[in-house]
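Engineer: Just so you know, the sequences run in chain order A and B.
Numbering of the first sequence is given in our numbering, commencing with residue 1322 and proceeding in unit increments.
Numbering of the second sequence is given in our numbering, commencing with residue 2 and proceeding in unit increments.
If you're looking for bench data, these hints aren't it; they were derived computationally from the structure.
There's no promise every hint is true.
Each pair of labels, with its calculated beta carbon distance range [said to hold, decoys possible]:
hint, chain 1, residue 1, chain 2, residue 2, range
1, B, R60, A, P1359, 44 to 50 angstroms
2, B, A37, A, A1341, 29 to 35 angstroms
3, B, E172, A, L1426, 42 to 48 angstroms
4, A, A1361, B, R36, 16 to 22 angstroms
5, A, A1361, B, R45, 50 to 56 angstroms
Quick look at which bits of chain B chain A covers, simulated, 3 or more residues with Cβ under 8 angstroms [stated by the list, open to error]:
hint, segment
6, 38-51
7, 151-163
8, 181-191
Which residues of chain B face chain A? A few of them, derived with a C-beta cut under 8 angstroms, are [said to hold, decoys possible]:
hint, residue
9, G34
10, R56
11, A80
Cβ coordinates follow ideal geometry from the N, Cα and C atoms, glycine included.
These are the residues of each chain, in order.
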Amino acid sequence: MRRDAAGSDELDTAYVDGVAELSLDERRGVEARLAREPDARAEHAAVRTLLGRLRALPPEGREPDWTAMERSIRDAVGDAVPRPWWRRWTWLAPIATLATAAAILFVVWPRPALRVTPHPTVAQPTAPAAPEDSVGAVALWLDGAQVDVEPDAAAALIALDPADDEPDEVALLPASDLAWVDNLDDDAIARAERWLARKKKG
Amino acid sequence: MVSLAAGLPLLDRPARVTIADPDLELAERFRAGERAAFDAIVRRHQKGMWRLVRRYVKRDADAADVTQLAFVRAFRGLATFRGTASVRSWLYRIAINCALSWLRDHRREQPSELAEDALTDDNPAPAQLSAGDDRAWLRKAIEQLPPKQKLVLELRVFDDLSFKEVAELAECSENTAKVNFHYAVKRLRDILGADHAP
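The shape of chain A in the complex, shown without the other chains:
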């Protein structure tokens, strides 16, 4: 309520000093108030009187010679009409120089090799767990067919070196006594020849 009253007071003062600057609604509001409140009319008259006294005050100081002031301003500013910076040519030279330098730098500057950004990894579905009965079974290829064997048995089979049937060096007979050569059968000779061939390769 007080705010409304204060607002209407401000409008009253503005009405006294510039009715044309109020909106139609504001003007009607003030005029309605003036019509029903004699105090408001008295206030208006007092404000109008005060503003009249203020406006009647002569300007401070003694006014200068306006023609002389105009001439001195003309002399001070010169004849050339200043242009805004974007319409002057002077800024073009440094800008062009900078642009050229930047272009040269862009061409000459060593750049790191192009790096291919890795594709984001997609989570792969995990393999289904092996069936319970196959746990511990090892698949072996025996005589042209896959055979599942127990791990222990598989380890024993793998431990069997197919070259075990070949003679160890320590098992060789001494070269000074060669009578045993006559006692060798064909299998033994064949094994010996295979061993020698492997030795040469190795």
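Position chain B against the provided structure of chain A, taking the given hints into account.
Structural biologist: Chain B only, in chain A's frame:
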């Protein structure tokens, strides 16, 4: 009427062109390269600018210098004037800035126009004052207003600016300008003592 800005590049156009305002038309002509348009602006506003400056700067010659300086700055800046405010309030803003700047630089040189005891309790009541005393009394009362209220009141009463222009200069809204004006008048009446008014 055809807008004078129609043939200018987009960047050069003011935000608002109201041909009804002759100042804007002069500003456009100046920006288009017509030097004489600025002389016309000077002729239209030098008196108002000087009066405004003179309220800050208390010596006539200094006020003339500051006014000239304000016009020189306006001449340099008019090419970039965007037209968001009226030319007059733009010029007055430059003048106020120049005056305040000058006051900062010459703080100690300012004369006091009124005697220190001009409004003491020993002085006669306003009703008994002569016309000259009444003017001094009114001026002294204005000096006692808070700065914002004083600025708004002076711009409105002495410079005949619209509330919109006052708001542009006082850097506030139009409503705030009206509120400040109301309180300035109210306070002035309190200071002067409505009952003793001649």
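Engineer: Indicate, hint by hint, whether the structure satisfies it.
Structural biologist: Hint check results:
1. B/R60 <-> A/P1359: 44 to 50 angstroms: About 48 angstroms separates the Cβ atoms of B/R60 and A/P1359, which means 44 to 50 angstroms holds.
2. B/A37 <-> A/A1341: 29 to 35 angstroms: The hinted range 29 to 35 angstroms holds for B/A37 and A/A1341, with Cβ atoms some 33 angstroms apart.
3. B/E172 <-> A/L1426: 42 to 48 angstroms: At roughly 45 angstroms between Cβ atoms, A/L1426 and B/E172 fall inside 42 to 48 angstroms, so the hint holds.
4. A/A1361 <-> B/R36: 16 to 22 angstroms: 53 angstroms, violated
5. A/A1361 <-> B/R45: 50 to 56 angstroms: Between A/A1361 and B/R45, where Cβ atoms are some 38 angstroms apart, the hint is violated.
6. 38-51: holds (count 7)
7. 151-163: holds (count 5)
8. 181-191: Result for this restraint: holds, n = 6.
9. G34: 5 angstroms, holds
10. R56: 6 angstroms, holds
11. A80: Given a least distance of 5 angstroms, the restraint on B/A80 holds.
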